[in-house]
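Novice: Sequential numbering from 8 applies to the sequence shown in the working numbering.
Hints are computed from structural coordinates only; laboratory data are not their basis. Possibly wrong hints are sitting among the right ones.
What the hints assert, rightly or not - With a Cα cut of at most 25 Å, we get these calculated PhoX-like pairs of lysine-lysine:
no., residue 1, residue 2
1, Lys293, Lys224
2, Lys136, Lys293
3, Lys224, Lys294
4, Lys224, Lys136
5, Lys224, Lys297
6, Lys222, Lys136
Unchecked claim - So the derived label-pair ranges between C-beta atoms look like this:
no., residue 1, residue 2, range
7, Pro46, Leu106, 16 to 22 Å
8, Leu268, Pro402, 37 to 43 Å
9, Pro46, Val112, 18 to 24 Å
Glycine included, each C-beta is placed from N, C-alpha and C at the ideal position.
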Amino acid sequence: MDSSKTTQNTPVFQLVGAGLLIVASTYGLARYSYGLFVPAIKSEFGLSQVAIGTIGSCSYIGYLSATLFSPMLSRYAGVRLPVVLGGLAAASGMTIVALANSSAVLALGVMLAGCSPGLAYPPLADAIKQLCQARFQNRVYALINSGTSFGIMISGPLALTVGTGWQSAWLLFAAIAFAATLWSFFVMPAAKKELACTPKDAAASNRTAIADLVKEKLTEPSVRRLFISALLFGIATSVYWIFSVDLITAGGRTASLNGVLFWIVIGIAGIVGGAAGDLVTRYGLKKTLKWSTIAIAAAIALPAFAWGTNTTATLLSATAFGATFILITALYGIWSVACFQNAPSVGFGITFFLISAGQLIFPPIAGLLAERWSLPVVFQLSAAASLFILIMLPPNDMRNM
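Start from the sequences, fold in the hints, and give me the full structure.
Specialist: Now the structure itself:
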């Protein structure tokens, strides 16, 4: 078979393109762009650090709710429906953010936008398994996962294009999400014929089967380490996504460093994460995750020490964080699919649910700590927390999904 085709004669570039754009829209724009606009939003609505952290957590509440639902929907209705629903949630949520006239409406829009990757992302593992030959799956998955970086990267120039009108940027983001949804509708596989007419009681059966599968898998050391590690990763990285732009633009010499430029650097660097599949194939997942974790800990700590004094160090932090965050999320995806071979969307869903649980828990606490101590101290604590991932590396190495 031609390597440019998937197993169902859908061109690989169509699957990669549609998957990458939906990830860019749901993760890079709908979920993570909030951090880019924190200074403007804080000024617009007169919000405290605690309020900023709490609204940021709303995104993760939406994500967690959707992630619980998405694997069951995928098993019942196929890949296309949850992916399309995720795209529509992104477009709708970002439109609400753009039109918000109060912090409550803003939080609602952030929450709905946050639902989008929880719906759209887990089923992509099923799409890759169904449509791609085994030898291409690592690479295709890593490329699609790097869509987050493309979303972050384009959000910066779009923000510059609209100038001070941050609401216009969110309307542009919503339009991109709608276009991504249309493409996914035509590319993603629909329900399998044998499941297309499944009665409603089959949904309960699916929930029971998933619960039994998870209980069984929790007896495996690799699965337990995967889940604990994912939770730690979410806790450690949440502060950077929500508060980094606010920190680096707050004062000193780095106040002149445009937060948009900082955000663009994170996005560009994240494209490196597209190499995750090749790195795992060559060096193994365990070694790649180990060194990536050390690098991201350094990236999180750097702004705390360079704050207000060193623009070069701040940009170095953005580069390292962007590259390693996307790389590590890809590693978690590969690890989860390897652990849940017969139900990849289930493993995907739980793993990224736990990452988001960590990202939900910590931002409000970080806001309190920042007001009590300072943001640099919070960044130092987050960097230290990320190093605990090193004791939760997979017990056995793996080189494919």
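Novice: With a cut-off of 25 Å on the C-alpha distance, tell me whether lysine 224 and lysine 136 pass.
Specialist: holds, 20 Å
Novice: Between the alpha carbons of lysine 136 and lysine 293, is the straight-line distance 25 Å or under?
Specialist: The given pair, whose Cα atoms are some 22 Å apart, holds under the 25 Å limit.
Novice: Between the beta carbons of proline 46 and leucine 106, is the distance compatible with 16 to 22 Å?
Specialist: holds, 20 Å
Novice: Evaluate the given range 18 to 24 Å for the C-beta pair formed by proline 46 and valine 112.
Specialist: Holds, at about 20 Å.
Novice: Keeping to a limit of 25 Å between CA atoms, is the pair of lysine 224 and lysine 294 held or broken?
Specialist: Distance of about 23 Å is within 25 Å: holds.
Novice: Are the Cα positions of lysine 224 and lysine 297 separated by 25 Å at most?
Specialist: holds, 23 Å
Novice: Would the pair lysine 293 and lysine 224 pass a check requiring their Cα atoms to be no farther apart than 25 Å?
Specialist: Within the cut-off at roughly 20 Å; holds.
Novice: Should the hint that leucine 268 and proline 402 are 37 to 43 Å apart at their CB atoms be regarded as holding?
Specialist: holds, 42 Å
Novice: With a cut-off of 25 Å on the C-alpha distance, tell me whether lysine 222 and lysine 136 pass.
Specialist: holds, 23 Å
The structure meets every hint from the earlier list without exception.
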